[in-house]
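K.L.:
Using the sequences and the hints, build the whole thing.
In our numbering, the protein residues as written are 1 to 165.
It is worth saying that the hints were derived from the structure and are not from the lab.
As the structure is a computational prediction, the values presented were derived from the model and not from experiment.
Among the hints, a few may not be true.
[As the list claims (entries may be wrong)] Simulated pairs of lysine-lysine, DSBU-like, Cα-Cα distance not exceeding 35 Å: (1) Lys-84 with Lys-73; (2) Lys-100 with Lys-84; (3) Lys-114 with Lys-40.
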Amino acid sequence: VDRFFSPWQEKADKYGHLWNADLFMRVDLETYLTENCLVKTDRASMLASLEVRVPYLDETILDRILPLSADKKIINGELKPLLKHLAKRLLPPEVWNRPKHGFDVPISNWLAGKWKPALDRVLEWGEEHVRVFNYSYLRRLQRENERNHQTGRYLWSPFVLLAWM
Numbered sequence: 001v002d003r004f005f006s007p008w009q010e011k012a013d014k015y016g017h018l019w020n021a022d023l024f025m026r027v028d029l030e031t032y033l034t035e036n037c038l039v040k041t042d043r044a045s046m047l048a049s050l051e052v053r054v055p056y057l058d059e060t061i062l063d064r065i066l067p068l069s070a071d072k073k074i075i076n077g078e079l080k081p082l083l084k085h086l087a088k089r090l091l092p093p094e095v096w097n098r099p100k101h102g103f104d105v106p107i108s109n110w111l112a113g114k115w116k117p118a119l120d121r122v123l124e125w126g127e128e129h130v131r132v133f134n135y136s137y138l139r140r141l142q143r144e145n146e147r148n149h150q151t152g153r154y155l156w157s158p159f160v161l162l163a164w165m
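P.N.:
Below, the structure written as structure tokens:
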């Protein structure tokens, strides 16, 4: 366990022993961003033969943002107040005032479409061998998902766990 956590502990120790939001942001920048987000973006863009730039990692921006304390970066629970302030000055309200939306993976479509046979096999196997799920509930979710393509996200974790077993 110590071997697993030691790289993160070393990064945290570099910034002092006060465990606060500033420390967590710095460690997150050096671990999650670099070892997860950027790696995945790089691999996906190379696979698709795309040239991708990460705009908020521009040196000019980092030089101005990194020295700021966490209380300037998070205000009243708002995680991006500086970016929102800038967006309000430069963009129309229909851009900066709309609800957040990401790039969803079409799990519901997959589980109702080409992955349906795999889901059926996994649930059948699970009903026989793994008694931790309410399979009638999972089957109901599956039927609903086949009708409306809305409940796949609730089936995904049991599907992956059972497939892995």
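K.L.:
Give a verdict on every hint.
P.N.:
To see whether the hints hold, each was checked on the structure:
Distance check on the hinted pair: Lys-84 and Lys-73 sit about 11 Å apart at the alpha-carbon level, within 35 Å; holds. Of the supplied pair hints, the one linking Lys-100 and Lys-84 holds, its CA atoms being roughly 12 Å apart against a limit of 35 Å. With a C-alpha separation of about 25 Å, the suggested pairing of Lys-114 with Lys-40 holds against the 35 Å cut-off.
Hint check: no violations occur; every hint is consistent with the structure.
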